[in-house]
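Asker: Single-letter residue listing:
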Amino acid sequence: MAQDSRWRRIGHYGARALPGWVVLAEGVDKMVTGIESPVTTERGLAARLRYLTASDAGYEAMDRAGIHVRPRTLIAWLAEERSPSRANLTRLDAAYWDLRRRNVVTDLKRRLTNHGRGTRIEIDPADQSQVATRHRRDVEMRSLNVRGLVWDRAVDAWLSHDARELEAIWDEIIQGGLGTDWDAYTFVSSVGWAA
Amino acid sequence: MSGDQLDSVEALLEEARLAARMPDPAERLRLREAAGLSRAQVAAAVGVGRQTIANWESGVTDPQRPGRVKYLRLLEGLAQIHPAPEEAASLPREPQPGGRSPSASAAASSVPTAASWDFTAQTAWRSDGLAAQGEPGPCVRCGVVTPFRSTDGRPLHAGAMCRPGTAAPLAAAAPQHATTPATTPANAPAPAPVVPAPTRPPSPSPAPPSGERQAQAPSASPTPAPLPSRPQRRAQSAARAQSETGDLIARAVHEELQRAEGDADAALQALVKRAIPDVMRLFEETRATARYQYTAYPSLPDILHKPSKREPDQIWEARPNFHHPHYSLKAPGDIRVTALDANAAYLSALKCWLPIGKLEHHSGSDGVDPKRSGVHLITPAPWTHPHLPDPLGDREEPGALWITDATLRLLLRLSGPKYGLTDPPTVHESWTSGATENFLDALRKVLAAARETALAQDDSLTEGYVKAMYSKFISTMGESVHNREIQRPDWMHIIHSQAYANLWGKAYKAHQAGLEVIAMMGTDELHVSGDWRRVFPEGRGLAQMKIKYSDTAKASGEYTVGKVTG
Numbered sequence: 022m023a024q025d026s027r028w029r030r031i032g033h034y035g036a037r038a039l040p041g042w043v044v045l046a047e048g049v050d051k052m053v054t055g056i057e058s059p060v061t062t063e064r065g066l067a068a069r070l071r072y073l074t075a076s077d078a079g080y081e082a083m084d085r086a087g088i089h090v091r092p093r094t095l096i097a098w099l100a101e102e103r104s105p106s107r108a109n110l111t112r113l114d115a116a117y118w119d120l121r122r123r124n125v126v127t128d129l130k131r132r133l134t135n136h137g138r139g140t141r142i143e144i145d146p147a148d149q150s151q152v153a154t155r156h157r158r159d160v161e162m163r164s165l166n167v168r169g170l171v172w173d174r175a176v177d178a179w180l181s182h183d184a185r186e187l188e189a190i191w192d193e194i195i196q197g198g199l200g201t202d203w204d205a206y207t208f209v210s211s212v213g214w215a216a
Numbered sequence: 016m017s018g019d020q021l022d023s024v025e026a027l028l029e030e031a032r033l034a035a036r037m038p039d040p041a042e043r044l045r046l047r048e049a050a051g052l053s054r055a056q057v058a059a060a061v062g063v064g065r066q067t068i069a070n071w072e073s074g075v076t077d078p079q080r081p082g083r084v085k086y087l088r089l090l091e092g093l094a095q096i097h098p099a100p101e102e103a104a105s106l107p108r109e110p111q112p113g114g115r116s117p118s119a120s121a122a123a124s125s126v127p128t129a130a131s132w133d134f135t136a137q138t139a140w141r142s143d144g145l146a147a148q149g150e151p152g153p154c155v156r157c158g159v160v161t162p163f164r165s166t167d168g169r170p171l172h173a174g175a176m177c178r179p180g181t182a183a184p185l186a187a188a189a190p191q192h193a194t195t196p197a198t199t200p201a202n203a204p205a206p207a208p209v210v211p212a213p214t215r216p217p218s219p220s221p222a223p224p225s226g227e228r229q230a231q232a233p234s235a236s237p238t239p240a241p242l243p244s245r246p247q248r249r250a251q252s253a254a255r256a257q258s259e260t261g262d263l264i265a266r267a268v269h270e271e272l273q274r275a276e277g278d279a280d281a282a283l284q285a286l287v288k289r290a291i292p293d294v295m296r297l298f299e300e301t302r303a304t305a306r307y308q309y310t311a312y313p314s315l316p317d318i319l320h321k322p323s324k325r326e327p328d329q330i331w332e333a334r335p336n337f338h339h340p341h342y343s344l345k346a347p348g349d350i351r352v353t354a355l356d357a358n359a360a361y362l363s364a365l366k367c368w369l370p371i372g373k374l375e376h377h378s379g380s381d382g383v384d385p386k387r388s389g390v391h392l393i394t395p396a397p398w399t400h401p402h403l404p405d406p407l408g409d410r411e412e413p414g415a416l417w418i419t420d421a422t423l424r425l426l427l428r429l430s431g432p433k434y435g436l437t438d439p440p441t442v443h444e445s446w447t448s449g450a451t452e453n454f455l456d457a458l459r460k461v462l463a464a465a466r467e468t469a470l471a472q473d474d475s476l477t478e479g480y481v482k483a484m485y486s487k488f489i490s491t492m493g494e495s496v497h498n499r500e501i502q503r504p505d506w507m508h509i510i511h512s513q514a515y516a517n518l519w520g521k522a523y524k525a526h527q528a529g530l531e532v533i534a535m536m537g538t539d540e541l542h543v544s545g546d547w548r549r550v551f552p553e554g555r556g557l558a559q560m561k562i563k564y565s566d567t568a569k570a571s572g573e574y575t576v577g578k579v580t581g
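So the sequence lines, in the order shown, correspond to chains A and B.
Numbering-wise, the first sequence is residues 22 to 216 according to the numbering used here.
Numbering-wise, the second sequence is residues 16 to 581 according to the numbering used here.
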């Protein structure tokens, strides 16, 4: 579809929506669970430090997040003799969630692939309640099954924050499953699935 | 003149003779169908309407003039051609070539029975893909004339187009068991289907030969029972759900009980654990033929989002916590109070107006519509009845609040002419969608039926399982990690509010009947003074109330309160 089609200029008549791939990535994000307590609490900090120091991957994650402290500092944090600075707390949180995401990727892929059956997603179209009646389009809620291979690629792209790839995957999903109407679902108000 | 009189006497005698041998209604039907006549044909010959013949054959009315004599004469003639089946049924089950008049065997061969159904015959297809045709003749399966041919050249409906049973009343079929092999000699090479199944009784049903009055009952009419191979149209998804999903529950209970080797406690634990996926499966089953496609993951307005796991969203469900200000446990007195419990309150509350699609925003009272449901921002009118609980629950902060559609409907009802208890609330804005009241009705009916059966059989296992299913279905249908199949916090709130509104209705009923409402708390607790059995039936059914006993609360079972003075 041409770049200047109605559905590409989503806000032109007042429709409100998000790019489908963003909502898709947020949905994958929501599937990741981990330590509930915030890093600012003693409990949350201790749990994060324990998780990050349990494996080599944890130290690598701290490296990537920009935590460059001496071993004694880390030991002092673990022993709760000292507490990290505010900047380091933020980095620890980032390092924890970075590692957590990497560690649950296999599980996410397994859940989404669902023994080869894939997972059915429900797509809610753009919110047109603010659009003048004469400009409104008749777009329905749709649902379609997304196969495991697509999910694998989507999860990988989500992990590496590859927006371009995610966008390509989203276009592929809607072009493959929604028929001629697909362009209306480039921008959506929500995407949901059970996995 | 005397000759005419004699003729009329003769006619009367003839009529009396015929009437004395008048067959009973079932036999009338059998005779007509055995001869292959339609009601219209008989009606035209006799000179009455088609419906009149139908009435005579079903026993609704007895043959009357003007058609009476002609009809009786026809029946007598038919009875000679097609004698009652008792002799035929008692015949030995061997081929009887030539044992029957040609017309009889012709009529019989045109109506094969279900038992003699020829499953081996195959439709012949031409090389161009169309069904082969020939001289029209009665189909070997159903007896209806067809031009299509089977592979061995006999007439046969193409594909699975014939409908066995409807064209072949079993009354006519009964005597024909014996004659089938003789009348269809071409079947001889195909052994299996031709021989009537030996286990099948020769006269499985209908048309008791002599005139028993019960033959007139519709249940005994010779209409054949529907064959299982024919799909039945179902009028309601609820009916279908009940028939097909009811035994899913029984099967799950049986399975877990076997796995736990009879240990009921362990089985109940396992059942509670699997209640969420099971109830979602049940829900899907009940939706199989449903009309509306609902949105399971709509984008939600911010008011329905929980800011964090522990904080609630902004919807006020109007949970009651009412204690009559004039009575107290501490005050001295001996007013007898009974704590009552509404049975399975959340199960009943599944019947409520639920929004089907994504919620849409309306400002002002534009979103208030009997066919829509959702959540509304309102400013309530003050409640001025100290004897009755506030339908909005015990809200302490004043001002506008978000309530669900169930509460709004209650408030609007109470402000209407029938109740006139309060002013209507001011609606500021709404998030609503088109709604239906029957959305979860099929599920509710299945669960209610299972619960009722379990209670009747004293089966606490099934009862506990059903309870876990409906309560967890409601509590996890919002934003819960335990149930990702559906994310409708709006539904959850509306169902909760509906339960509270139902309880308010019970409190009002008690109040109207002269009982004093002492307290109304939680989902299902109603404390009243006075003779409550006059108002509510006692029991564990959905429409009944039971006395609530509690180990911890002081106000439990039957207790006494005093009147607060000053």
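Careful: at least some of the hints might be erroneous.
Said to hold, decoys possible - Below are the EDC-like pairs computed for lysine to aspartate or glutamate, each with C-alpha atoms no more than 20 Å apart in a straight line:
hint	chain 1	residue 1	chain 2	residue 2
1	A	51	A	119
2	B	324	A	159
3	B	373	A	148
4	B	561	B	573
5	B	569	A	204
6	B	373	A	119
7	B	85	B	29
8	A	51	B	29
9	B	321	B	280
10	B	324	A	50
Hints are computed from structural coordinates only; laboratory data are not their basis.
In this text, all values refer to a predicted model and were calculated from it rather than measured experimentally.
Asker: Could you tell me which of the hints above the structure violates, numbers in ascending order?
Answerer: 2, 5, 6, 8 and 9
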